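Colleague: Build out the structure end to end from the sequences listed, making use of the hints.
For the protein sequence lines, the chains are C and Y, in the order given.
Using numbering that gives the first Met the number 0, the final residue of the first sequence is 153, and nothing's skipped along the way.
Using numbering that gives the first Met the number 0, the final residue of the second sequence is 410, and nothing's skipped along the way.
Don't read these hints as lab results, they were simulated from the structure.
All figures in this text were calculated on a predicted structure; none of them were measured in a lab.
There could be a bad hint or two in this list.
Stated by the list, open to error - Have a look at the derived ranges for each label pair, beta carbon to beta carbon:
no.: 1; chain 1: C; residue 1: T19; chain 2: Y; residue 2: A248; range: 32 to 38 Å
no.: 2; chain 1: Y; residue 1: V164; chain 2: C; residue 2: G91; range: 34 to 40 Å
no.: 3; chain 1: Y; residue 1: H173; chain 2: C; residue 2: D57; range: 25 to 31 Å
no.: 4; chain 1: C; residue 1: A8; chain 2: Y; residue 2: N304; range: 55 to 61 Å
no.: 5; chain 1: Y; residue 1: H327; chain 2: C; residue 2: D57; range: 46 to 52 Å
What the hints assert, rightly or not - To give an idea of the chain C side of the interface with chain Y (calculated C-beta under 10 Å), a few residues:
no.: 6; residue: Q21
no.: 7; residue: A27
no.: 8; residue: Q31
no.: 9; residue: F35
no.: 10; residue: A38
no.: 11; residue: R47
no.: 12; residue: T63
no.: 13; residue: I68
no.: 14; residue: I73
no.: 15; residue: P110
no.: 16; residue: P143
no.: 17; residue: H149
Built from N, CA and C at the ideal position, the CB exists for glycine as well.
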Amino acid sequence: MDQVNLAFAPDVLVIPVHSTVQFPNSDAISHQVYSFSSARQFQLPLYRGRPYPPVQFDQPGVVTLGCNIHDNMIAYVLVTDAPFFGRTDARGQWRAADVPDGRYRVRVWHPLLNEAREVDGMVDVSAAHGAVSIRLSKALRPAPLGSRPHTWDY
Amino acid sequence: MRTGGRQLVSSAGLLLCLTLFATHGVAADWELSLDLRAVSSDGRNSFLDNGLGKLRFDDDDDGIRLGRLRAAWNQPLGETFSAHIEASTWDDDDKNPIDLTEAYLEYRPYPRAGWRTRLRLGAFYPPMSLESRAIGWESPYTITPSTISAWIGEEIRTIGLEAQVDWLGTRLGHSFDFQMTGAVFGWNDPAGTMLAMHGFALHDRQTTLFGRVGALQTDLQMAKKELFHEIDGRPGFYVGAQARYLDRAILNVLHYDNRADPTAEAIEIRDFAWKTRFDAAALRIETANDWTVLLQAMQGDTAINPYILLNWDFDSQSALVSKRWGRHMLAAHYDWFEIEFQDDAALSGSENGNAWAIAYSCDTGEHWRFALEWLRVESDVPARAEFLGEAPFAIESKLELSVRYTLSGNF
Numbered sequence: 000m001d002q003v004n005l006a007f008a009p010d011v012l013v014i015p016v017h018s019t020v021q022f023p024n025s026d027a028i029s030h031q032v033y034s035f036s037s038a039r040q041f042q043l044p045l046y047r048g049r050p051y052p053p054v055q056f057d058q059p060g061v062v063t064l065g066c067n068i069h070d071n072m073i074a075y076v077l078v079t080d081a082p083f084f085g086r087t088d089a090r091g092q093w094r095a096a097d098v099p100d101g102r103y104r105v106r107v108w109h110p111l112l113n114e115a116r117e118v119d120g121m122v123d124v125s126a127a128h129g130a131v132s133i134r135l136s137k138a139l140r141p142a143p144l145g146s147r148p149h150t151w152d153y
Numbered sequence: 000m001r002t003g004g005r006q007l008v009s010s011a012g013l014l015l016c017l018t019l020f021a022t023h024g025v026a027a028d029w030e031l032s033l034d035l036r037a038v039s040s041d042g043r044n045s046f047l048d049n050g051l052g053k054l055r056f057d058d059d060d061d062g063i064r065l066g067r068l069r070a071a072w073n074q075p076l077g078e079t080f081s082a083h084i085e086a087s088t089w090d091d092d093d094k095n096p097i098d099l100t101e102a103y104l105e106y107r108p109y110p111r112a113g114w115r116t117r118l119r120l121g122a123f124y125p126p127m128s129l130e131s132r133a134i135g136w137e138s139p140y141t142i143t144p145s146t147i148s149a150w151i152g153e154e155i156r157t158i159g160l161e162a163q164v165d166w167l168g169t170r171l172g173h174s175f176d177f178q179m180t181g182a183v184f185g186w187n188d189p190a191g192t193m194l195a196m197h198g199f200a201l202h203d204r205q206t207t208l209f210g211r212v213g214a215l216q217t218d219l220q221m222a223k224k225e226l227f228h229e230i231d232g233r234p235g236f237y238v239g240a241q242a243r244y245l246d247r248a249i250l251n252v253l254h255y256d257n258r259a260d261p262t263a264e265a266i267e268i269r270d271f272a273w274k275t276r277f278d279a280a281a282l283r284i285e286t287a288n289d290w291t292v293l294l295q296a297m298q299g300d301t302a303i304n305p306y307i308l309l310n311w312d313f314d315s316q317s318a319l320v321s322k323r324w325g326r327h328m329l330a331a332h333y334d335w336f337e338i339e340f341q342d343d344a345a346l347s348g349s350e351n352g353n354a355w356a357i358a359y360s361c362d363t364g365e366h367w368r369f370a371l372e373w374l375r376v377e378s379d380v381p382a383r384a385e386f387l388g389e390a391p392f393a394i395e396s397k398l399e400l401s402v403r404y405t406l407s408g409n410f
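Modeller: Right under this line is the structure:
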């Protein structure tokens, strides 16, 4: 997960448990990455470039990242122990391949979800086919702006 | 041959150390910027030249001027401490050719469980301007900020200790963040003197820590004013709060009181301790298509008591709208201001007025920024008649082009 123009890129990363993520900083200015999420707490002291080894994520959960200098920077690492996972495309679609037949629960997560309860749906897969459509009951919260010049809010 | 090889190895080692030092970001950031202006102004004799004109550049200043020469240094000290120094010159009749506007140490530990504290010790701006958000405490929207920001830059500086506590709700899945600020400071006892001497003004000149501002010459007052002095030995304070809705909206409130003893006098700078208090509020809303709306309001009073209590009530409000298209931006602000001396709007020391500023700017992001601003200020200042024999009412306007080149780096 890179840091470009005072924003994490990508802003959401979905990874399986026990995997590692590198946090390079491609900006000309320094960033200081932290997480106080219970799934993984860590800090990367002020840096540029790629000075630190990758961070390992061993517990499932949502890890919210911030920069201690630039409060508008926010990103999420979703650490999952699900057998199939991924990030939906711009149209909100996601496809899994090689799923054995069976009944599966599909859980949806988005950093800007406005729902009071967990959003999920059941899908039956037979002969390698199955589909489920999940509709949010409320619109997402507004997305971060993330396009301000780097000389602002320094 | 062997010695040479060893030298090569040791210099490679040194290079490696330096590279590690640099990439770990413990290196200092520096910035150097030169801001030149082309000015066409019909302003009355400027407050910087002991006049009662509202503009930095008056009708004697047409031509090429230095807007600002600025140098900044940010030095991380370990993981959570850092030092910040801002030095500038505005090329006018100041005491020092180059001087500091801010110099402070910051302690910013990592957040824990959604909470974060921050301490600043030294000389810096109180966190009240949602307008002066660009480097060097400048407004990115227009060349000339609102009357409120201009006054803060002219008279207000925290020289002391400030503590902030943040609740980072957006990191916990909520839509809001909250912040509380408190500070104890000294050396700001003359704050208010410029409002009483020349009133509000529309300018981008920030008073330096050891510098001064020109003022109206009277029997009572010296021509030049120094703003950052401790006169009565009584510390002042401010408390503030901020609420942020995602990164879209931000509401800031601040109560400032320098707790000066209005009977105290400082012979060395020929000034009094001005008991100055104000409340300020600002709301900034930004949209996904790069519109910004910024509303600011400030109300307060300042008083001295050389033989009887003299009191000035001041009040200013401002509204700004801007729209950005990538590197291009259009912005406009309207300002309204009023000062009432001894509750009588007709007395010298009172004033009222309003101003419009419209600016186009292009920030190339790397080195260059261009801005073109038209500004018009209308003001009714009774002191112009009493002290200068001029008409109290004046309309001043100026057209100003700013060309700024910035170099930055780290070592």
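Colleague: Against this structure, judge whether each hint is valid.
Modeller: Taking the hints in turn, this is what the structure says about them:
1. C:T19 <-> Y:A248: 32 to 38 Å: Holds, since T19 (chain C) and A248 (chain Y) (Cβ atoms, about 37 Å apart) stay within the stated range.
2. Y:V164 <-> C:G91: 34 to 40 Å: 39 Å, holds
3. Y:H173 <-> C:D57: 25 to 31 Å: 26 Å, holds
4. C:A8 <-> Y:N304: 55 to 61 Å: 59 Å, holds
5. Y:H327 <-> C:D57: 46 to 52 Å: Distance hint for H327 (chain Y), D57 (chain C) holds at roughly 47 Å.
6. Q21: This interface hint is violated because 14 Å lies over the 10 Å limit.
7. A27: 7 Å, holds
8. Q31: At about 8 Å, which falls below the 10 Å cut-off, the nearest Cβ of chain Y leaves the hint on Q31 (chain C) intact, so it holds.
9. F35: Interface hint status for F35 (chain C): holds (5 Å vs cutoff 10 Å).
10. A38: Nearest chain Y Cβ about 13 Å off; hint violated.
11. R47: 5 Å, holds
12. T63: 5 Å, holds
13. I68: 8 Å, holds
14. I73: Holds. Min distance 6 Å.
15. P110: Interface hint status for P110 (chain C): holds (8 Å vs cutoff 10 Å).
16. P143: 5 Å, holds
17. H149: Holds: closest Cβ of chain Y sits about 7 Å from H149 (chain C), inside 10 Å.
Consistency with the previously given hints fails for numbers 6, 10, ordered from lowest to highest.
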